[in-house]
Structures are given as structure tokens and as C-alpha cells.
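Now for the letters of each chain:
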Amino acid sequence: MAATVTPAAVGDAGLGDLIPFWTDVRRRFLRNKLAVGSVVYVVLLSLIAILAPLITFYGPKKINPAASLGKPSRAHWMGTDLLGRDVWTRLAFGARISLSVALAVVVVSTVLSLLVGALAGYFGGWWDTITMRTADVFSTLPYIVVVLFFISVFGRKVWVIVLAIVALGWMGSARLFRAGVLQVKSQEYIEAARASGCSTLRILTRHVLPNAIQPIIVSVAFGIGSAILLESVFGFLGVGIAEPTPAWGLMVGDARDHLFDAPHLFFFPAGALVLTVLAFTFIGDGLRDALDPKLRGAK
Amino acid sequence: MNTRYLKALAGGMLALAITVPPATSAVKKKKVTRVTKATTTVAPATTAIPATTATPATTAAATVTTAVKAVAAGGTGTKCNKVGGTFIDNWTLSTSDAQHIDPGITTELIGAQVINAVWDGLTRVDPDTGNLLPDVAESWSSNADSTVWTFKLKKGVKFSNGEDVLPSTFKKTWERNVSPALGSEYADLANVIKGWQAIQDGKGKELAIVADDANLTLTVNLSSPYGGLAQRVSHTLFFPLSKDGQIAGKDYEKGVMIGNGAFKMDGPRQPDLQTKLVRNDSYFGGINGHPACLDTLVFKVSKDPISAYADFEAGNSSNGVIPGGKFAEATKKYGDRATKAVLSEQYLGINWKDSVVGGFGAAKLRQAIGAAIDRAGINSIVYNGSRKISTGFTPPGIPGYKAGLTQNFQKEGADPALAKRLISEYAKPIPKLTYWYRTSSVEATIAQLIQANLKDVGIDIDIQAQNPTTYFTDVRNKNPQLFRSGWTWDYSGYDNGANQLFHTTDDASNNLTDFAVAQYDQLTEKGQAESDPAKQAADYQQAEAIMLDQAVVIPLVWGRFQTVLSPKVDQYPQNALGFVDFGGVSLK
Amino acid sequence: MASYLIRRLGLALLVVWGAVTIMFVMFFVIPGNTIDILSGEKVVRPEIRRTIEKEWGLDKSVTGQYVHYWNRVLHGDLGKSYSNNRSVNELFKQRAANSARLAFWGLTIEIVFGIGIGVIAAVRKYSLLDVVTGFVAVALAGIPVFVLGLLLQYGLGVRPAQWNWPRWARFPVQGMGPNRWFVVIPLGHQWKYLILPAIVLACVQTGFITRISRTSMLEVLNADYVRTARAKGLRSSTVIVKHALRNALLPTLTVIGLDVIGLFGVAVLTETVFNWPGLGSTIRDYAFAQDVPVVLGLASIVVLFGAMASLLVDVGYSILDPRVRLTTEKVD
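Chains as they are written, first to last, in my numbering: chain L, 1 to 299; chain S, 1 to 588; chain D, 1 to 332.
In isolation and in its complexed conformation, chain L is listed as follows:
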């Protein structure tokens, strides 16, 4: 039924001149308002993270019991938490930690899954067997055991948490990559490219990856969100980054104790978290649309 599969368009573009292609991509991306808005948001967020000490008026760990659970006010425009710490300050400093944790996780696991997943999907055989079964091993380990192991042995440091999240998360994107590559590599145009004597590397980078990348974009966008969320899960379970480190996940988690009497504790960090995930999702969508000229007329 689905026998008449034809090459996706990027494959064609890849064969041609690349410069007009990227110009095209950029132009198409810029036309997508949601995506551009999201980029602006991410840039702004990064600026907040970088400039945190300059744009906040309290220390992120500075407690002030007298101002415990203060509602948003002029002095603390996002209110204060149980220990009287300024929520805005902690959010800004938390952006540093949460974003870097998320980025570290996403970068490491994407690279890892690219190497593992894409190669496994393309070459198949023993490499596929070994890596995918290793992925099975990791994805079946109860995460609590893994995290407990990491913090017991290395302590509750930020990089340890990153390591734990990577150890628990790389399999997902690896599998997605592999699935995408599997789907693409059996198509006629790849066969054609192979037949015409293209090198493996060229086939991979020019034809396979661009076509298999779309689920990965979604996975990266969600990966950033889930990495930040995992912080809160670990915090909730008592194995996360230790207080008083400001981190979004921890802030959202701690807010549970005061969900109804101090909703601002939940609202601001959770809002920031959701907006960030949304932003990356929209950027991903925009990138995908821009990369796929077929969709040009769709909007």
C-alpha cells in the first residue's frame, strides 16, 4: 500500500548547492512568528541567567525569616518563599543551574544518541545489537536505584545529577534516532545514492540524518523540560541537588507544601519551566518546517 515512497525533499536539496538552501531555511524560519518569539524568549532567558547578579537585589541563598511566604509585592515582585528568600532572585539564579543542567543533559545525550542510535540504525548488525541492548539495560534499571547509586558514591553535586539524568535519558533519543534512520535508510533514494558511489559518511550526513532528525527535534525540546523536571522529581524523592542551591525543579517541588496558601511559589517557577519547554518546542517546530521545503506552501 505504501510502496510508492519517494525521497524526502531535503535529500534533493542536499545534493544541490547548500548555500541557497540555508538562506532559504533562515528565511522560512524567520517567517514563523511563534518560533521567532521563542528564540527571543530563550535569548532573554539566557541573558537573565548570565546577568543574574546584576538584575536581582538579594542573594539567592540569603534568608530572611521575617519575610517568610510573602505575597508578591514591590520589594519582592514574585514574593518570597518559606525562608523569606526572594523568588525572583532564585528564579534568575536558578535559570543558570537549571538551564545548564538541561543543556548539558541534552547536548550529552543527543551526541551520545546520535553516535549510538544513528550508527546502530544505519549499520545494523552487532553494533546495533550491542548498543540497543545496552540501551535496554539502562532504560530498564529503576531510576531511583541509579540516582541513589550516583549520589551515594559521588555526593549531591550538580554534575552528579547531570550524569544521573544523562545515564537515565540517552536511550530515548538514541532509539528515536535509530527508528528515524531505519525508516530513511531503506528508502529508494538512499539505495540510489549508495549505488551511485557516495561515501557512507556523505550518505549519513547528507541524506540520512537530515531526514531522520525531526523526531529528535521534538525529543530535544522535551528533553530540556524533562531534565529540569527530573530535578524536581529527585528533589521530591530526596535525592536531588541539595538545598539551598536555587534550581527551578527544586522550587516547583518545594512549592507543593504551600500550593494553596502561597501559590506564587508554584506559579512563577512552573510558569518559567512551561514557557521554556514551549519555547524549545516551537523553535523545534519552526526548524522542522524551515528544513522541509515541502511545507513551504503549507502556511
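It should be emphasised that the hints constitute simulated quantities derived from the structure, not laboratory data. Note that CB positions come from ideal geometry on N, CA and C, so glycine has one too. Any given hint could be a false lead.
Unchecked claim - In silico DSSO-like pairs for lysine-lysine, Cα to Cα no more than 30 Å straight-line:
(1) Lys332(S) <-> Lys250(S)
(2) Lys60(D) <-> Lys250(S)
(3) Lys62(L) <-> Lys152(S)
(4) Lys254(S) <-> Lys192(D)
(5) Lys61(L) <-> Lys203(S)
(6) Lys61(L) <-> Lys388(S)
(7) Lys332(S) <-> Lys364(S)
(8) Lys71(L) <-> Lys333(S)
(9) Lys428(S) <-> Lys353(S)
(10) Lys455(S) <-> Lys61(L)
(11) Lys250(S) <-> Lys158(S)
(12) Lys411(S) <-> Lys428(S)
(13) Lys62(L) <-> Lys420(S)
(14) Lys432(S) <-> Lys62(L)
(15) Lys192(D) <-> Lys276(S)
(16) Lys157(L) <-> Lys455(S)
(17) Lys62(L) <-> Lys158(S)
(18) Lys71(L) <-> Lys388(S)
(19) Lys62(L) <-> Lys411(S)
(20) Lys250(S) <-> Lys80(D)
(21) Lys243(S) <-> Lys192(D)
(22) Lys80(D) <-> Lys203(S)
(23) Lys192(D) <-> Lys568(S)
(24) Lys54(D) <-> Lys203(S)
(25) Lys61(L) <-> Lys478(S)
(26) Lys93(D) <-> Lys203(S)
(27) Lys254(S) <-> Lys125(D)
(28) Lys203(S) <-> Lys62(L)
(29) Lys194(S) <-> Lys152(S)
(30) Lys478(S) <-> Lys157(L)
(31) Lys93(D) <-> Lys478(S)
As the list claims (entries may be wrong) - Listed next, the stretches of chain L that the computed footprint assigns to chain D, with coverage defined by at least 3 CB atoms under 8 Å from CB atoms of chain D:
(32) 70 to 80
(33) 84 to 93
(34) 100 to 113
(35) 259 to 266
Once you've looked at the hints, dock chains S and D against the given chain L.
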């Protein structure tokens, strides 16, 4: 009593991360009491005997031939204003299910709570007064040197299946409970009974007990003099088991266990879900003198106190636990009928053997730490201001309590000026100190408050979250300079806190501070041997004053129940040790 | 196909062995003394210590214990708990069904809503519906389970009760309720107890699946063969269901496959918040206690299921796209 590490971990880290164990406080840091850890009851006069050393108490003189006049049926009983109804308890097991509900095996307060609803022992300690009440036993006495004890049982006491509760029932049950095959952690509680050692060594099967079923007398021969046996047998380990239980192994608790208490099991317990009990109509009356007021009693299990509280708020349970930080809100909404003081103390411990903060030389430094900490602030932030600031260690309510034993700790708030003066008198440079706490958000909050207070007077501390599972073992072995801990009294006796926590010989287990001061040891030993309660109290007070003057602990707050009751609940008798007498609980 | 299956099954067992071995090693590396756990943190006399060690086989070397462990497991005995002596086999029996039922419904919600919304969003790309569902999907995935659970508990359980809504309009806050089932079908009032945890469990992944299916669907919808089919005048719904969906399912299936593993074993938070005693929260409880036999025992079962799920996904692939199997086998 204690909620123990098991509670913490079975309740999961979750419990630790956000929670409040039911009995006491948002930061229950109960350490492991070896002897009396599980249950109610060892009376004030007799010291709980460290299980591993098995030294008999030395109070024999005081208790020789204590013939207690039998109070006909029940003494302190709560009458039922209304009979019937279902009580759903979501307080006892609100952070985790009990590990065990077999009386011979249980080690936790929460397990003992369930067990006390299903069984009655020979005696029961009225924990408020410390008086021993007759329960299944009608009276008891011992010979002159307290080596032979005779209990006279009430007539007509039956198990819920109609089986009689006879002296032989107790003998066989105890033999089962101490047998190595069962491997009960509390088998040591019976180590004063002759024959115990032989059973442990595999050389015998029987305890030296004469059970005269015809005359309803139980004669217990001891291997050495022990004056506190009548109190001791009120422990769950000594509760009678029916015939099938007497020969049952560790799996007994998986089925329907038969008890002689106010309630009986309605079916096997559903681990991690609930344990359902119904009124035992053949109950002999126990200390209340009447059958249970309730038809049904359900112990519901939760693993997350915040959800458990939500469940209570939705009207699905008759009582509930107040999650940390919600005390004011909850008591405003549901009243404070069940939030009385509980005999417990939260403190900051300091290691006596440490080269910086330990020893007599660092007294000023420790006192400075005490003066710098804003305990009123901790109370208001962490406990919604519901606690009483500890001005000493032993809480009011313990017989012999005296206020103002020391000059330290009398001011509720911080006294930075005093702290700074003490530091300048200490006159040595203070390195960064290490502070340990058992991971939880409440503990993290306390740690940061203390850290800020100390920073104000120029003392830097490094706060470190520790694995809750092995926390006390780690504190014991690795001797952190400062650590958070707490103590909940096992019975309302002065010695329970004083002797067990700061005596040199208890160094290995309960004395987390490694406090070792000869004068303190002598005074507590003297007090323990004292028969006159007033003199005994004076000795203990003096000992405590030494400990407080040295500021080897910084007392923070005394405990309080975190319990809310549904408006439908009428009577809810609970004592200051954390026990609810469910036989006397009734609904409107 | 048969040889492929057998080989994959063998590999799945290898995965189980690997995961159990890794966990075994991890618990040996984690600091903490088993004796302390077994003795309830009290100080034990050396002779008692030796007895305990002997009873639990702790006097053996690491490899000795490892061999001993497998010997037991292969004889069908998963051991018993250090801390409360419960048999791991029994724990498994009690918890696995709870986990499986919750996972089944969580997964069903994920698949139905995830793929459904994803497909609709793709077909109506950039419509209001697309944007709104996109936002909701991400927002739900961005709220931690334990907060979302509490919101649902208050919104559907506590508040309706406080406002005296009729019984049918209230949901239970916690617990398993009557625990009446026909395999996975809730009977009587059981569904009320099931629905909140199932929704919460599904939420995070539903968002992800929505986005993945939307993406894959979009890609396929613009493929030439779909355009061709449309050009031929086939009804739009026929095209979507018959031509597009099938091809778009591959990446979605991958994600769902991963989820089966996750849902079955590690629904820790949902199980905790709703007090639904499943494998995840049980493993968590015992892991903190460093109760190695229970964790190893239950986790190895979870691992086994995970490996099977992954196998099913691979088989699913080959059914959806026969060329996958062919090529895989060819390369081998």
C-alpha cells in the same frame, strides 16, 4: 517509642522530603532506642535495660512484693457516649505501613499502635501517670529478691475466637517470641527470665515459667533479680497469642491473627493499603471495662502526608496528620482537639569528643552556638509557632521535671550579643564547622535558619544532607561536629532521656554526642538506684543541669501532636507518648 | 521470523542479566552496612553479627554471593526482605497486578489522546486547535506529577466533598478502593479510583506523544504518495488513516515502547501520591532502605518486562514496515 528508620524509609524518602511523622513533629528525628523502642511501656521506676548488655535494673528494693490491688474492671476507662460507627485512621500509618504487626516481632510505634487495638497484655502502663494498670492480670507480686514473680489472671478472658487466655497461653507465646527461629529483634526483652539463655544457645526450648491454668497463676522465675517485670510484660512482646499463633513463624502476620483485645482483624492485612479491624464482642473489657465503642476501625496507609491530609480534607478519614507548615491552617479549620503536647524533644547535638567543639574547653563555644540560634524563629517558620521552646532537655510532663536547670537556653529568640561575648571569651579561632541533617525539606529549612543565625555571630557552618536510612549509624560512627536529632520518650520517666542519651556506657548506641562526664554518670546511676521519687528526680535534675551547662546539646523545641480530628469524632483518648486508646474512641 | 524472535529473546535475557548484574554491583559500591539494616541500626554483638551474616549468606565473597543469588533466582526464589522479612515473590505478586493495571490505562490514555490529538493537530496545522493542544500538552508535561496529582486531588476530590456535591461527582483522593477487576477492566466503582492516577501517569508522556505524532504525521502528510492518494480523489479521512497514519506510527511506537518500560516499573511518584501500591513505589521504598534482595528481585522482574516490551516494539516495527526486518536480517 520510636518511628525508627524503617518508618522513614518505608514511608520513603518522600516522607522525609516533606513530611511529618504522625506522632510528634515535622522533624521527627527519633533515634533508635534499643530497648523500649517499640512500644509503650516500661514504668518510670525501672530503667529500660539495654538489650544487649542485659544488666538487670537495680531497683529491686523499690518494687519487692508489689502486690497491686486489682481494680475490678478498668480504672481510667473512657465511657462510650455512643456505640457504633466506623473510624478511619489516616494518622498512624500516614507515612508508611508498619513493617510488622505481629506482637512478637514489631519494633515500631506504628505497628504497636495497631497491635494494641487487637491485643491486651498482662499489664498496661498508664503513660500519663506512669502507674501500672492491671489488664489481663488481676494482680501480681514477687518474692523478696525479685527473682520469682507471680501473676494472677482475670477469669474469663477470651480470644476473639473463643479460646481461653490462660497462664499457659503466655508461657507458650513467650517461648515462641524468644525462639531464635523467630528471630525477633526484641527477644532480648525477655532475657531476665530463666531459660532464656539456653533457648538462645539452642540448648533448651522452655522458659522457667510455671503455668497453673486451674488456678490462673503464672509464676515466672528470673535468672537474676529484676524489679520491673510487671512493667516489662506490658510490652507487645509479652502479649498472648492464640494456639495457632504460639506455633506460628514469621508468616503469622500474613493471615488473620487472633487477639484478645478490643478489636479483631476482619481479614488479613492488606500491606501498604489498610488493616481493617472490627469490634471484638468477646472482649473482656481491658482497662476501660467495656467493649470498644466503634464497630469498625480501619488503619489506612498513605505514603505521602500531603495526600493523606487531602484525603482527610475530603472527609474520607476520621483523623489525619497535619503536614509540615500547615499547623496553623489545619487547626484553624478543624480545631486543636488532638494536638496536645507529646513527650519529645528536638535538639542540635554537638560532638563531645571533637577536637574543636568537644570537651570542657569548648564550653563557651557551644554556649555561644546555643545563644546565637533563634529558636523562636525556627518555631514560627517550621512549626507555625505551635511548639514550646525547650528551656531544658526533659519536657514538662515528665515526673520530676524542673524548669530553669541551667542559665543557658532560657531566651527563646537569638541573643547575638551574648553569643559574641562568649566567642570572645572562648578566644580561639573557629574553623568552619560541619553540620549534618537527615535529608528532608523541613530539616533543610532548619539547617539554613541555624546557618544564618550562626553566620550572624561569625561562625561558619557547612550544612550537609545525609542519607536518612543510615543517618544514626553514620552519626554514631563518623561523629559530625554538629548534628540534628530528636528524642521521643518511650515512657514518662526522667531516666528514659537522661540515662540513655548522655551516659558513657551508652556510648555505642544512644549517646550520639559521645558525652562522657564522670559526675554526670555518677548522678544518673545514683538516681537510678534511688527508691524515693523526689530524691531520684533531684539526682536526675542535677545530672541534666551538668549536661545543659556544658551545652553538649542545644535544645530547640518540645513536641506536639500533628493530628486533626473530623468533627464526627467524639472521644479520642490519646496519651503524651503517642498512643491512642482505640478501645475508648467513639463517634458522635 | 522465528529465528529472529528466538535470537531477540535470547538477547532480552542477556539484557536482564546485564541489568541485574549492574544493580548487584551498584549495591556493593554504595556505602552502608547490611548488618545495620538487618539489625535495625542497633549495635550487635559479634557472635550475633556472624549468625546474621551466615543466615543471609553475607559471609561469602562478592562473587560467591552473586552466584548464590542467581542460583536462587533460577530456582524461582527471589529471596526475602532484609528489613521486614516479606517474601519478594509475594511482594511481586501483590504489586505487579496493581502496576500492570495502572500502566495499562495510563498507556491507553497516552495512546488514544496522544496520537489522536497529534493527528488532528497535524491535519489542522497552525489552527487554533493545534496551538491550544500544543500548549496544553507542554504545560501538562511541565508540571511535576506530584503537583499535578495534588491539584487533581483537590479539584476533583477535596473541593467537591467540601461543597457537598453529589457522590457521583466526587473522586476518591487516595487508595485502590474495592480492588475489583476483570483482568484490567475495573468493575463497579473501581474506575473512580483508577482514573486520577491513570490520568496523572499519562500526562507527561501524552504531551510528548502528541508532539511526536504531530511531527511524524506532518512529514508523512506531505509525502508524495499521500499527495498522490489525495489527488486520486480518495477521501481525506481514508488517506489519513490508511496511508499516512501507518507510516507516521513508527517513531511514535518507539516512544510508546519506551514508555511501557517506564510505566510498568517506575511510576513511583503517581503511585506514591495516590497510594497505589505498585512496583515502582515498592522498589523506591526498599531502595532507600538498601534492602538489596527486594530491590534486585522486583527490579529484575521489571527489567524482564522492559526487555520484553523492547522486543515487542522491534517486532511491531517489522510488522509496520517489513523492510526493517528484512534489512536487519540481511545485515546480520
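Each hint, compared with the structure:
1. For the suggested pair Lys332(S) and Lys250(S), the alpha carbons sit about 45 Å apart, so the restraint of at most 30 Å is broken.
2. As the CA atoms of Lys60(D) and Lys250(S) are separated by approximately 25 Å, the hinted pair is consistent with the 30 Å bound.
3. Between Lys62(L) and Lys152(S), the direct Cα distance comes to roughly 66 Å. Violation of the 30 Å bound is thereby established for this hinted pair.
4. Proximity of Lys254(S) to Lys192(D) is assessed by CA-CA distance (about 28 Å); at most 30 Å being required, the pair is judged to hold.
5. For the hint pairing Lys61(L) with Lys203(S), the CA-to-CA distance comes to about 63 Å; that exceeds 30 Å, so the pair is violated.
6. Between Lys61(L) and Lys388(S), the direct Cα distance comes to roughly 28 Å. Compliance with the 30 Å bound is thereby established for this hinted pair.
7. Distance restraint check for Lys332(S) and Lys364(S): the Cα-Cα separation of roughly 42 Å exceeds the 30 Å cut-off, and the hinted pair is therefore not satisfied.
8. With a CA separation close to 22 Å, the supplied pair Lys71(L) and Lys333(S) stays within the 30 Å bound.
9. Restraint check for Lys428(S) and Lys353(S): the C-alpha separation of about 18 Å stays at or below 30 Å, so the hint holds.
10. Using a Cα cut-off of 30 Å, the hinted pair Lys455(S) and Lys61(L) holds, with the two alpha carbons roughly 13 Å apart.
11. Note on Lys250(S) and Lys158(S): the hinted pairing holds, with a Cα-Cα distance of about 24 Å set against a maximum of 30 Å.
12. Note on Lys411(S) and Lys428(S): the hinted pairing holds, with a Cα-Cα distance of about 25 Å set against a maximum of 30 Å.
13. For the suggested pair Lys62(L) and Lys420(S), the alpha carbons sit about 21 Å apart, so the restraint of at most 30 Å is met.
14. For the hint linking Lys432(S) to Lys62(L), the alpha-carbon distance of about 19 Å falls within 30 Å, and the restraint holds.
15. The hinted pair formed by Lys192(D) and Lys276(S) meets the criterion: a straight-line CA distance of about 21 Å does not exceed 30 Å.
16. A hinted pair counts as satisfied when its Cα atoms are at most 30 Å apart, and Lys157(L) with Lys455(S) qualifies at roughly 23 Å.
17. A threshold of 30 Å between alpha carbons decides the hint, and for Lys62(L) with Lys158(S) the separation of about 64 Å lies outside it, so the pair is violated.
18. Using a Cα cut-off of 30 Å, the hinted pair Lys71(L) and Lys388(S) holds, with the two alpha carbons roughly 28 Å apart.
19. At roughly 25 Å between alpha-carbon atoms, Lys62(L) and Lys411(S) fall within 30 Å of each other, so this suggested pair holds.
20. With a C-alpha separation of about 12 Å, the suggested pairing of Lys250(S) with Lys80(D) holds against the 30 Å cut-off.
21. About 42 Å separates the Cα atoms of Lys243(S) and Lys192(D), which puts this hinted pair outside 30 Å; it is violated.
22. Our distance criterion of 30 Å between C-alpha atoms is met by Lys80(D) and Lys203(S), whose separation comes to about 28 Å.
23. Proposed proximity of Lys192(D) and Lys568(S) is supported: the alpha carbons are some 25 Å apart, at most 30 Å.
24. Our distance criterion of 30 Å between C-alpha atoms is met by Lys54(D) and Lys203(S), whose separation comes to about 20 Å.
25. Annotation: proposed proximity of Lys61(L) to Lys478(S) holds, straight-line Cα distance about 28 Å (limit 30 Å).
26. A C-alpha spacing of about 39 Å is found between Lys93(D) and Lys203(S), which places the hinted pair above 30 Å, so the restraint is violated.
27. For the hint pairing Lys254(S) with Lys125(D), the CA-to-CA distance comes to about 57 Å; that exceeds 30 Å, so the pair is violated.
28. Pair hint Lys203(S) plus Lys62(L) does not hold up; C-alpha atoms about 65 Å apart against a cutoff of 30 Å.
29. As the CA atoms of Lys194(S) and Lys152(S) are separated by approximately 20 Å, the hinted pair is consistent with the 30 Å bound.
30. Using a Cα cut-off of 30 Å, the hinted pair Lys478(S) and Lys157(L) holds, with the two alpha carbons roughly 21 Å apart.
31. Between Lys93(D) and Lys478(S) the alpha-carbon distance is near 40 Å, which puts this suggested pair outside the 30 Å criterion.
32. Here's how the stretch 70 to 80 of chain L fares: 0 of its residues keep a CB closer than 8 Å to some CB of chain D, so the rule of at least three is not met and the hint is violated.
33. Figure legend: the stretch 84 to 93 of chain L, annotated as covered by chain D; annotation inconsistent (0 residues with Cβ-Cβ distances under 8 Å, at least 3 required).
34. For the stretch 100 to 113 of chain L, the stated coverage by chain D is violated: 0 residues have a C-beta nearer than 8 Å to a C-beta of that chain, whereas at least 3 were required.
35. Look at the stretch 259 to 266 of chain L against chain D: 3 of its residues bring a Cβ nearer than 8 Å to a Cβ of that chain, three or more, so the hint holds.
Hint violations for this structure: numbers 1, 3, 5, 7, 17, 21, 26, 27, 28, 31, 32, 33, 34, all remaining hints satisfied.
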